[in-house]
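**Q** Chains S and V, in that order, are what the protein sequence lines are.
Under the numbering used here, the first residue of the first sequence is numbered 1, with each subsequent residue one higher.
Under the numbering used here, the first residue of the second sequence is numbered 1, with each subsequent residue one higher.
Keep in mind that the hints are not guaranteed to be accurate.
[Claimed, not checked] Part of the chain V face toward chain S, derived, beta carbon under 7 Å:
no.	residue
1	D12
2	A13
3	T14
4	R17
5	R20
6	H25
7	L179
8	R180
9	H216
10	L217
11	A231
Please keep in mind that the hints were generated in silico from the structure rather than gathered at the bench.
If you're wondering where the values come from, they're calculated on a predicted model, not measured in any experiment.
We put the beta carbon where it would ideally sit given N, CA and C, even for glycine.
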Amino acid sequence: MKHLPKHLRPHWRYVAVGIETWPDADVSRRGFQRAVWYAAGNLLGDPGSADAGLKLLAFSHADGEGEAILRVRRGHVDDARAAIACVSEVGGDPVGIHVRGISGTVRACEERYMGRAGGDLTQRDVAFADADATAVVRGDAYDVRTGSGDVGATAFDTE
Amino acid sequence: MYEAVHAYPDGDATVSRHARTAARHGYDGIVVRTRDALPGIGEAGEGDRYDAGDDGRREADSGDDGRREGDSGGADADEPRGGDAVAIRERYGVDVVDAVEIDADDPGSAGGAVGNYRPDRTVVCVVGGDDRLNRFAVEEPRVDVLVRPTRGGGGFNHVLAKAARDNGVHVEFDFGPVLRATGGQRVRSLAALRKLREIVTYYDAPHVVSANAGSHLELRAPREVVAVGEAAGFDPEWVREGLRAWGGIAERNRERLSEGFIEPGVRRGRYETQR
Chain S
1 MKHLPKHLRP HWRYVAVGIE TWPDADVSRR GFQRAVWYAA GNLLGDPGSA DAGLKLLAFS
61 HADGEGEAIL RVRRGHVDDA RAAIACVSEV GGDPVGIHVR GISGTVRACE ERYMGRAGGD
121 LTQRDVAFAD ADATAVVRGD AYDVRTGSGD VGATAFDTE
Chain V
1 MYEAVHAYPD GDATVSRHAR TAARHGYDGI VVRTRDALPG IGEAGEGDRY DAGDDGRREA
61 DSGDDGRREG DSGGADADEP RGGDAVAIRE RYGVDVVDAV EIDADDPGSA GGAVGNYRPD
121 RTVVCVVGGD DRLNRFAVEE PRVDVLVRPT RGGGGFNHVL AKAARDNGVH VEFDFGPVLR
181 ATGGQRVRSL AALRKLREIV TYYDAPHVVS ANAGSHLELR APREVVAVGE AAGFDPEWVR
241 EGLRAWGGIA ERNRERLSEG FIEPGVRRGR YETQR
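Same shape as in the complex, but just chain V (with noise of 0.2 Å):
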């Protein structure tokens, strides 16, 4: 089971500390959010693909260390060590994910974002909230995750979970206001959950769950989540699939992202020649 989580600078947690107390708590993996806090997938360069060894991208991020020394604000600067998957991966046996959050103000600038992160990042989810944003994400096929789609007063319906069935858009069930939230704000969420639940589930829209941890402090153990999810009215197996579904996104992507891949059930064989 997989857990997206922000990283610092998002969150209080770097992506190591998150790796940490994640292997602790039993997860096979995490996708990071923050999109500063790792160096996606194929940012690193040709050949320095997911299976490729640590050693190119290292070099590729010290060439970025370069570049970024001139930035004023500090927020990127932790990325060099910071950012390194595959080491972490090593150290803690948790898979990590390279993921991006693009948070827009409107969907003309969100398609463009979609179309700049979508050959870098293993994963790429777009902030819901607005009845226009939600739309536009389940609608692009090439968005992987809807996040937060009813955090902001944003609205779901049927004509959204079936764009997002046939696109394969997975929408996200942001369990972090059921665990930090209290009062009005807890209940307003929790039947948020509820009515996006009903829709989801009559679609069978694809789904995913996570409690939305901003820090090591805010991780909260696969059983737990389940254990929160069946107190608000979900089925324990419906949660435990949402929460594996972030790692067959991962799985497919990286599988689409590697060399061999040409289109899905087609891939480079060994007759090929290397041009």
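Only chain S is shown next, with the shape it has when bound in the complex (with noise of 0.2 Å):
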């Protein structure tokens, strides 16, 4: 089809949204546009959701960490921002997620906003609350494995 005048075509934002998980989560792109699209549609109804799109153009996720663009129409992005924060799990893992920013560009979003890694991840044993413990370590963030599941820590509790 032949394109839009430039006056008719949407305006979009380019909203820069950071994801964090447990490291042994598995968070597919297709889970995360899935969960996206169901927090906006329970949280801003059908039509809201249309409105504010959410369109997810770019995703990476691995080990425990993440970044994706998402597509928003321009005037929705407050909406958009909460249905964000409304996604508390993608396929049953569950995930940390905050805007990082928003652009005017896709290219001025990933220039300003992505690429962020927080550096590699290492496996070491740790003594945590009096015990010792095997935790993946990035950084400054450790993630203890203990007996009742995950414990989120940081150098700070375990030196």
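Assemble the dimeric complex from its two separately framed chains, guided by the hints.
**A** As structure tokens, then:
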């Protein structure tokens, strides 16, 4: 189809989102897009969700850390932000999510907010809560495996 | 803006991990609701108040440590290191406030617990969710915050709102279920929030807002919390006020627990000799 004249094209905002999970979580692009739309549908309803858009343009996730770019219609950024905040799990894995920033072009969004990987993961034996445990370490963040599940800690708790 | 969190052993992230995440999200401080996660401001003994150096507190902690090693429940074994509020504050640049959540079965035992923890803790919260406990909490001026007033089917009405206003007890608006629950449970909690909001704003009772995060993954940045509140029908500025209120409570109580405080408006002056 012939593309629209400039004044009729929709205006977009590009939302950069940082994702955090436990290190063994497996979050797929499809699963994340589904969770975002599901959250938007539930919070804003179908019309609100359609207004916001929230199409996933870029996504990466590995080893408990990820980032994404979501396309949102201009003027609905606050609704989109609320919907994004309501994404609490993807496919059963709990996710921490936070909006890094908003740009008017994909390029600006990538240059400004993407590519902030926090370094490599290493596995280490640590003493936590007076017991030995293994921890997955990235920089200052320690995800400790305990008998009752993962616990988020930092170098401060284990040194 | 401040956020009140559940830390390990109650939640899935330690105080320092919460602080690290909160710093990235742009919070000014966190209030740690879990008693076992952080030693109280008044527990470390004489002369080691909020503005004192952290050496005294470390010593007091290691003194506690010996006693705790005999405990079989390893729940609070993390306390000595994970609990050093001053060191965490310096490391991550966010304020760390010691608090306690009193989750009692009846007003009688809650009253005892409030008396016990008030001298030690900067922020004292009572968990509601039961008509009698809600009533007790708002009528007790020593309580700072009534948390989760409607979680377990507890009611809130104009009588409680007036009492809360007169006694300066903040009523918590718990955004946890809005952020994490789905379906009917979420609808019910949204309905409860709306009812609570109508009553609390009408009588101008003090309020606080929190996402009730149980781990660093459940923390949401202030702008996100405000956006969710706006989508749920709250006034954005009112939600921001609710997030700031935690900091206000902490500041006021630290002042009250500090050495020089005698009563509101009266401080130990420079001519007073230390006896």
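**Q** Just pull the numbers of the violated hints for me, sorted ascending.
**A** none
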